[in-house]
Amino acid sequence: MRTRALRRVVALGALVLAFLAVLGPAASASPPATQTADTKACQYPEKTDEQIHIKGCLRDTRDDPPAPVPGVTVTVTDASGTLIQELETDETGVFDVPLPGEPILNLNKDFIVKIDESTLPEGADLRNPEQVELTINFNTTSDQTVVFPIGDKIEKPSKFIEGVQLAIGGLVFSALLAMSALGLSMIFGTTGLTNFAHGELVTFGALMAWAIDRLPGEIEIGGTDITVIVGVLFAFVIGGFFGLLNDKALWKPLRDRGTGIIAMMIVSIGLSIFLRSVFQYFAGGTSHNYSQYSSVSPWHIGQIAITSKEIAVFSFAMLVLVAVSLLVQYTRLGKATRAVADNPALAASSGINVQRVIAAVWIVGAALAALAGALLGLTQGFDFQIGFKILLLIFAAVVLGGLGTIWGAMVGAFVIGLFVEVSTLWVPAELKYVGALLVLILVLLVRPQGILGRAQRIG
Amino acid sequence: MDFGSLFGQTIEQAFGPLAIVYCLAAIGLNVHFGYTGLLNFGQAAFMAVGGYAMASFVQTWGLSMWLGMLVGIGLTIVLALLLGIPTLRLRADYLAIVTIAAAEALRQTVGSVTLLEYFGGQDGRQGNFAREFRDLNPFDEGLTIGPVSWSANVFWVMVVGWALVALCCLIVWALMRSPWGRVLKAIREDEDAARSLGKNVYSYKMQSLIIGGIFGAFAGFIYGLSKNAVIPTDYATDTTFFAYTVLLVGGAARVFGPVVGAILFWGLISALSVFFTQATRSDLIPDSIMSNDQASLMRFIVLGLALMLLMIFRPQGIFGDRKELAIDGR
Numbered sequence: 001m002r003t004r005a006l007r008r009v010v011a012l013g014a015l016v017l018a019f020l021a022v023l024g025p026a027a028s029a030s031p032p033a034t035q036t037a038d039t040k041a042c043q044y045p046e047k048t049d050e051q052i053h054i055k056g057c058l059r060d061t062r063d064d065p066p067a068p069v070p071g072v073t074v075t076v077t078d079a080s081g082t083l084i085q086e087l088e089t090d091e092t093g094v095f096d097v098p099l100p101g102e103p104i105l106n107l108n109k110d111f112i113v114k115i116d117e118s119t120l121p122e123g124a125d126l127r128n129p130e131q132v133e134l135t136i137n138f139n140t141t142s143d144q145t146v147v148f149p150i151g152d153k154i155e156k157p158s159k160f161i162e163g164v165q166l167a168i169g170g171l172v173f174s175a176l177l178a179m180s181a182l183g184l185s186m187i188f189g190t191t192g193l194t195n196f197a198h199g200e201l202v203t204f205g206a207l208m209a210w211a212i213d214r215l216p217g218e219i220e221i222g223g224t225d226i227t228v229i230v231g232v233l234f235a236f237v238i239g240g241f242f243g244l245l246n247d248k249a250l251w252k253p254l255r256d257r258g259t260g261i262i263a264m265m266i267v268s269i270g271l272s273i274f275l276r277s278v279f280q281y282f283a284g285g286t287s288h289n290y291s292q293y294s295s296v297s298p299w300h301i302g303q304i305a306i307t308s309k310e311i312a313v314f315s316f317a318m319l320v321l322v323a324v325s326l327l328v329q330y331t332r333l334g335k336a337t338r339a340v341a342d343n344p345a346l347a348a349s350s351g352i353n354v355q356r357v358i359a360a361v362w363i364v365g366a367a368l369a370a371l372a373g374a375l376l377g378l379t380q381g382f383d384f385q386i387g388f389k390i391l392l393l394i395f396a397a398v399v400l401g402g403l404g405t406i407w408g409a410m411v412g413a414f415v416i417g418l419f420v421e422v423s424t425l426w427v428p429a430e431l432k433y434v435g436a437l438l439v440l441i442l443v444l445l446v447r448p449q450g451i452l453g454r455a456q457r458i459g
Numbered sequence: 001m002d003f004g005s006l007f008g009q010t011i012e013q014a015f016g017p018l019a020i021v022y023c024l025a026a027i028g029l030n031v032h033f034g035y036t037g038l039l040n041f042g043q044a045a046f047m048a049v050g051g052y053a054m055a056s057f058v059q060t061w062g063l064s065m066w067l068g069m070l071v072g073i074g075l076t077i078v079l080a081l082l083l084g085i086p087t088l089r090l091r092a093d094y095l096a097i098v099t100i101a102a103a104e105a106l107r108q109t110v111g112s113v114t115l116l117e118y119f120g121g122q123d124g125r126q127g128n129f130a131r132e133f134r135d136l137n138p139f140d141e142g143l144t145i146g147p148v149s150w151s152a153n154v155f156w157v158m159v160v161g162w163a164l165v166a167l168c169c170l171i172v173w174a175l176m177r178s179p180w181g182r183v184l185k186a187i188r189e190d191e192d193a194a195r196s197l198g199k200n201v202y203s204y205k206m207q208s209l210i211i212g213g214i215f216g217a218f219a220g221f222i223y224g225l226s227k228n229a230v231i232p233t234d235y236a237t238d239t240t241f242f243a244y245t246v247l248l249v250g251g252a253a254r255v256f257g258p259v260v261g262a263i264l265f266w267g268l269i270s271a272l273s274v275f276f277t278q279a280t281r282s283d284l285i286p287d288s289i290m291s292n293d294q295a296s297l298m299r300f301i302v303l304g305l306a307l308m309l310l311m312i313f314r315p316q317g318i319f320g321d322r323k324e325l326a327i328d329g330r
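Going line by line, the protein sequences match chains F and D. Okay, so the first sequence: first residue is 1 according to this note's numbering, each after it adds one. Okay, so the second sequence: first residue is 1 according to this note's numbering, each after it adds one.
Listed next, with one range per pair, are the computed distances between beta-carbon atoms:
no.	chain 1	residue 1	chain 2	residue 2	range
1	D	ARG131	F	ILE136	30 to 40 Å
2	F	GLU50	D	GLY142	44 to 54 Å
3	D	ARG131	F	GLU133	37 to 47 Å
4	F	ILE221	D	PHE3	54 to 64 Å
5	F	LYS389	D	ASN292	20 to 30 Å
6	D	ALA166	F	PHE282	36 to 46 Å
7	D	TRP66	F	PRO298	52 to 62 Å
8	D	LEU136	F	GLU50	47 to 57 Å
9	F	ILE304	D	ARG281	51 to 61 Å
10	D	SER296	F	PRO298	37 to 47 Å
11	D	ARG131	F	ILE311	50 to 60 Å
12	F	THR224	D	SER296	38 to 48 Å
13	D	ARG131	F	THR135	31 to 41 Å
Honestly, the hints are just simulated from the structure, not real lab data. Cβ coordinates follow ideal geometry from the N, Cα and C atoms, glycine included.
All chains, full assembly: derive it from the sequences and hints.
So, in structure tokens, the structure goes:
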């Protein structure tokens, strides 16, 4: 029985590896985002006077490299509307206006640069039609360059398209949230610990993948650079070890002493502050990106943009989630885990080794959290508190689904993740987490056991 | 190593305005957690409501600061009711999650660009809203004893702040030796037993949440007055965690626990920060091991470790009684 379970795990692992190997080249094959150097660079006339100049260079961004746009009328006025100069861009698309008077007297004054749209060549438009004029304020006496992007008009997408676009981002985020939430929920289910340091397990993954990424040299298979992919897998494995270390060094001794769950909760807060500071000690306070896949140019399907990175991360995360679900549902250890979560005493008396189950839960939960952190870092960059920032969302997902349930954590994560992203259609993006937290409070008001939790007295 | 400034700054911080702020916040938590067993992880929200009400009344609406404080206390009661109604019937860990979520939601809302004109976004409210308070300052100059020195404004905040702390301690002491306080302790020890004696546990918990929240609002007032600024980042989740550390260092369920805790906590934080900054500057610790930026993190690393070890080996703190505080989950 056990060998069969083991064989299944090995098969799944091989599948995951094969999947990554296929995705690796696909993701790196997409063209790099940086444009080739502009061969026809803007050539400004040499400066011969002491005046401050306002200058600019019109380029049609539809051509590659962008072509100059000559013969466009540009007007420069001061704040009161008095004309300073009206001129046309030359054959290289350049205009250059010296401001009259002492440079020092022009400080802290506004000047307005305006484009005459009717003189733009046939078919060309300002990319942002509302930005016909720019106001410039000088706080130093150096020249200022203004930019008017020219090309196709950017059409504002409809609410529906915007919603679909947000939902795609939300699905990717949800899958990662679900991976993080699984660990928290399983650990709570088996040990009763509300682990406030769970966010740090997520950050740990992002940082470990980064550590591999920062090693000198590249890891290659068949000429393809797979450093970051190896980094992500490394984060998954070392995350599991980190979880085991957490349990063996701290939580198991505390359980053996009979420490209460509130005391353990406060210990986890101390651990969270400690680990977060240690992470900041080594990673600094700034935000980072991995060396690969930080900017992948999207594919356009109609008006919807989607990147190969999003597809890869989402499919991989879903694969892992399905694999974990199957393991929990069908393997002996998975059944034992659910039994312990249900009733530890009864599980122990029917011959289940509770300590071994808890150790396994810590390994799997922490490995999933670390993997989520590495993939989150891949999709949106990371810093020393990436996990702490989403900790409350993880809690929201777990509570919404039902604290301690495994399916609930996943369902809750998808509800919260999608809600957070799609709600930005109506609420400002800076308040998107607030909505999720209010949902959490409302759920507790109406259905404290969560969507999938069993109704029981929890007071 | 300049031990004079190390000692001076340690004393300045240990008795300075920040110690008072955290002491008041911890007195509130002592009522919640120490005496009633409520795990309120949203004390920062009560502080923010107090601080923002006071500052916005002056700066946004041009009204009196004292009126702002009064409204701040009123809003604190409203917040306690809003938080308490759904969660006080729930288990302790649920209360913890809801309060921490509510505090963070409140902080992100007042710090948003959407409400910029009322609460000043991420810059918060920082004008001279403490004018009315500073005009009352009877001290022309600050206090200087050897290497320790406080400016006139800081000293005025300290005098008022420590007086407020003394008053709050007196209130807590009086409340907890009354029959009302004994019911709170009974709820902490065994909720069902208290209920079986005919006590309305829910109502007592709510009263405890409100009273502790008002102490939190006091902390918010002093915080705002001492900095002449109310900034969203000051009311982050870590603020609550630090207040818990202060409470646990001194000893929960003890009237003077928060006072001792705050003095020790800020003295230690300041000493660590000055020590490591000086050690890296004077090359006592080489730059390759620790830079100046990293030196400022050492205090939080030690703080996190200290909180863990304290909770594991001496959960009753310095003055607590282990028998009185059998912290466990309910």
